[in-house]
Amino acid sequence: MRQHDILVECSQLVKEYKGTRNKPVRAVHDLSFSIRQGETFGLVGESGCGKSTLGQLMVRLLEPTSGTVRYTNFQDGRGNRKQEKAMRKENQIIFQDPYSSINPRKRIGWLVEEPLIIHGIGKDAQERKAMVCSILKEVGLDDSYLDRWPRELSGGQRQRVAIAIALILNPSFVVCDEVVSALDVSVQAQVLNLLQELQEKFGLTYLFISHNLQVVSYLSDRIGVMYLGGLVEMGDTEQIYHHCLHPYTKALFSASVDAFDSVKEDLLLSGDIPSPSRSPSGCPFHTRCISCMKRCIEENPSMVEVSPGHFCACHLIQGMNT
Amino acid sequence: MKRNFPLRRYFSNIHFAIGFYMVMTVVSLMILGFFYIPYDPNAIDIAHKLQGATTAHILGTDQLGRDIFSRVLVGTRVSLLIGILVVGFGVLIGTPLGALSGYFGGKTDEVIMKVIDTQMAFPGILLALMIIAVFGTSLQNTVLALGLMSIPRFTRIARSGFMKYRNAEFVQASRARGASHARILVLHILPNIVPELLVTASLGFASAVMSEAGLSYLGLGMQPPNPSFGKMLSEAQNYILQAWWYVLIPSVAISLLVMGFNLLGDGLQSINQQ
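Going down the list, the sequences are from chains A and B.
First residue of the first sequence: 1, per UniProt numbering; consecutive thereafter.
First residue of the second sequence: 1, per UniProt numbering; consecutive thereafter.
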């Protein structure tokens with residue numbers, strides 16, 4: 001992996017929320033990984049494991065408690081208005097629910113044009129309108145949508161509008177936070193294909209967050225599996241599919257309906273994800289792991305590169321290697 | 001193509017429709033007053049005092065022989081003007097305060113809300129009396145006093161609205177795009193709480209008309225000989241046995257305005273909730 005290929009890099013990222021009785025809730029815990037230029041990095045995990053928090057950290061909607069998010073193609077924007085604005089132009093986020101992520105009281109044309117006005121792009125209204133029309137065309141909507149209200153649009157159309165708004169600034173990095181979860185299955189496929197087409201066309205880099213394994217594996221080049229605020233396994237889609245190592249990843253695959261043939265053991269998890277305000281000792285997954293050992297309760301495993309590009313945090317694997 | 005659809009939705013609400021027509025009755029009287037007033041409203045004609053309805057004076061005359069219809073036409077101006085100014089005062093000062101309070105929260109919120117709560121602790125009419133006692137009676141001071149009274153309600157409504165939307169996804173999304181706080185406050189959140197502010201404005205208008213009538217009745221609002229509904233009412237009550245219509249006319253005018261705006265507000269509220 002060449003160094004300059006990396007677009008975004010997180011190192012030792014921690015995000016804590018204030019919990020009850022001053023006990024911090026660790027939504028993201030000591031997380032390090034990087035995303036390469038032009039790839040789609042899929043992030044999977046159960047509800048409440050910190051996927052969305054991570055996504056928002058990566059576009060600076062949230063400030064990390066500690067650790068850094070570093071972008072390689074532009075300056076860190078903290079504390080500098082101009083740089084922060086430049087950063088806001090390069091990073092975009094698309095949210096899960098197209099009904100709440102679009103201002104219901106503004107017309108589509110206004111909404112899509114707004115980012116251009118914020119960043120002072122386009123000489124006059126006419127030029128901006130041409131840009132709006134062309135991006136609407138890219139996402140499969142025509143000029144007739146300019147004067148429509150969001151309430152007149154279906155979920156799929158709204159998500160297309162949200163994509164248009166995110167892409168009109170020609171960003172380099174887009175966080176897709178569960179973008180298809182709120183849509184019908186038939187519309188899901190359309191939107192996924194659209195995202196893929198746009199990626200090729202504009203050379204976008206995606207962080208694709210989802211709890212749906214099929215969706216993630218369909219789109220992603222690499223996949224990270226998250227559990228309780230940390231990554232437990234990360235690797236190429238191929239590696240995660242066919243040779244996943246972590247018991248949690250195995251359980252995820254076996255739980256997903258119609259999953260891949262290579263993993264067919266019945267590994268249903270019992271219990272819920274532990275509360276992030278009371279993380280278990282040792283390996284965070286030991287409370288639900290079927291092959292939990294004494295060592296797992298005492299010691300938190302670190303990420304180990306099992307094969308090139310394939311990382312896993314599990315004592316089982318490390319035991320095998322040594 | 002669907003432009004008239006929203007209006008139809010409003011008028012299918014019975015409260016809104018009745019309130020609207022009540023208010024419009026008074027408004028059309030005011031408009032009529034700009035073009036045609038039968039007599040000088042302050043012209044005294046003792047020979048024809050306290051007359052009933054005649055062809056010369058369609059609503060009769062008062063204790064000084066002044067034409068009541070002319071005085072009503074001019075009086076509507078005062079009531080509506082004060083209502084508009086007071087509501088404007090409340091909206092222009094109360095809404096920004098509430099917006100800052102709800103959007104930024106924390107210390108800003110605490111400071112603003114402490115001030116507003118302190119102000120709310122004063123009984124409204126007492127505050128108005130105080131201001132008028134200090135600064136004297138005039139249209140400006142009445143507006144100032146009633147305007148100050150109407151600030152808290154707008155602040156509270158705006159605060160709850162801005163609080164509700166400050167972390168809405170579309171607000172987060174525009175933040176991620178680099179939108180400034182001012183842009184988010186004015187262009188993104190404000191349009192979403194306009195319906196609630198309209199309800200508050202409508203109810204605030206009703207209470208401003210009521211308070212102005214109350215102050216004028218006590219002799220602290222508009223000064224004679226200028227006509228105002230509250231003043232007319234207080235003059236008329238001395239002649240209630242000789243000229244019952246004289247009491248009735250300003251009462252009906254006040255009721256039309258107050259009930260009209262209250263119904264309008266109620267109607268808007270239930271339309272918003274649909």
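It should be emphasised that the hints constitute simulated quantities derived from the structure, not laboratory data.
Model, not experiment: these values are computed from the prediction.
We treat Cβ as the ideally placed atom computed from N, Cα and C, and that holds for glycine.
Check the hints yourself; a few may be wrong.
Said to hold, decoys possible - What follows is a set of in silico ranges between Cβ atoms, one per label pair, in the way DEER data are often shown:
| # | chain 1 | residue 1 | chain 2 | residue 2 | range |
| --- | --- | --- | --- | --- | --- |
| 1 | B | ARG77 | A | LYS85 | 43 to 53 angstroms |
| 2 | B | ARG183 | A | SER277 | 30 to 40 angstroms |
| 3 | A | GLN83 | B | MET120 | 52 to 62 angstroms |
To be verified - Rough simulated footprint, nothing fancy, chain B against chain A, three-plus residues with beta-carbon under 8 angstroms:
| # | segment |
| --- | --- |
| 4 | 111-122 |
| 5 | 134-145 |
To be verified - Below, a list of computed lysine-lysine pairs in the BS3-like style, where the Cα atoms sit at most 25 angstroms apart:
| # | chain 1 | residue 1 | chain 2 | residue 2 |
| --- | --- | --- | --- | --- |
| 6 | A | LYS18 | B | LYS49 |
| 7 | B | LYS107 | A | LYS23 |
| 8 | B | LYS107 | A | LYS18 |
Taking the hints in turn, this is what the structure says about them:
Hint check: ARG77(B) to LYS85(A), Cβ distance near 50 angstroms, so the stated range 43 to 53 angstroms holds. A beta carbon spacing of about 36 angstroms between ARG183(B) and SER277(A) agrees with the range 30 to 40 angstroms that was offered as a hint. Between GLN83(A) and MET120(B) the CB atoms are about 44 angstroms apart, so this pair departs from the stated range of 52 to 62 angstroms. For a cut-off of 8 angstroms, the count of residues in the segment 111-122 of chain A with a CB near a CB of chain B stands at 4, and the three-residue condition holds.
For the segment 134-145 of chain A, the stated coverage by chain B is not satisfied: 0 residues place a CB nearer than 8 angstroms to a CB of that chain, which falls below the threshold of 3. A hinted pair counts as satisfied when its Cα atoms are at most 25 angstroms apart, and LYS18(A) with LYS49(B) does not qualify at roughly 76 angstroms. Distance restraint check for LYS107(B) and LYS23(A): the Cα-Cα separation of roughly 23 angstroms lies within the 25 angstroms cut-off, and the hinted pair is therefore satisfied. About 17 angstroms separates the Cα atoms of LYS107(B) and LYS18(A), which keeps this hinted pair within 25 angstroms; it holds.
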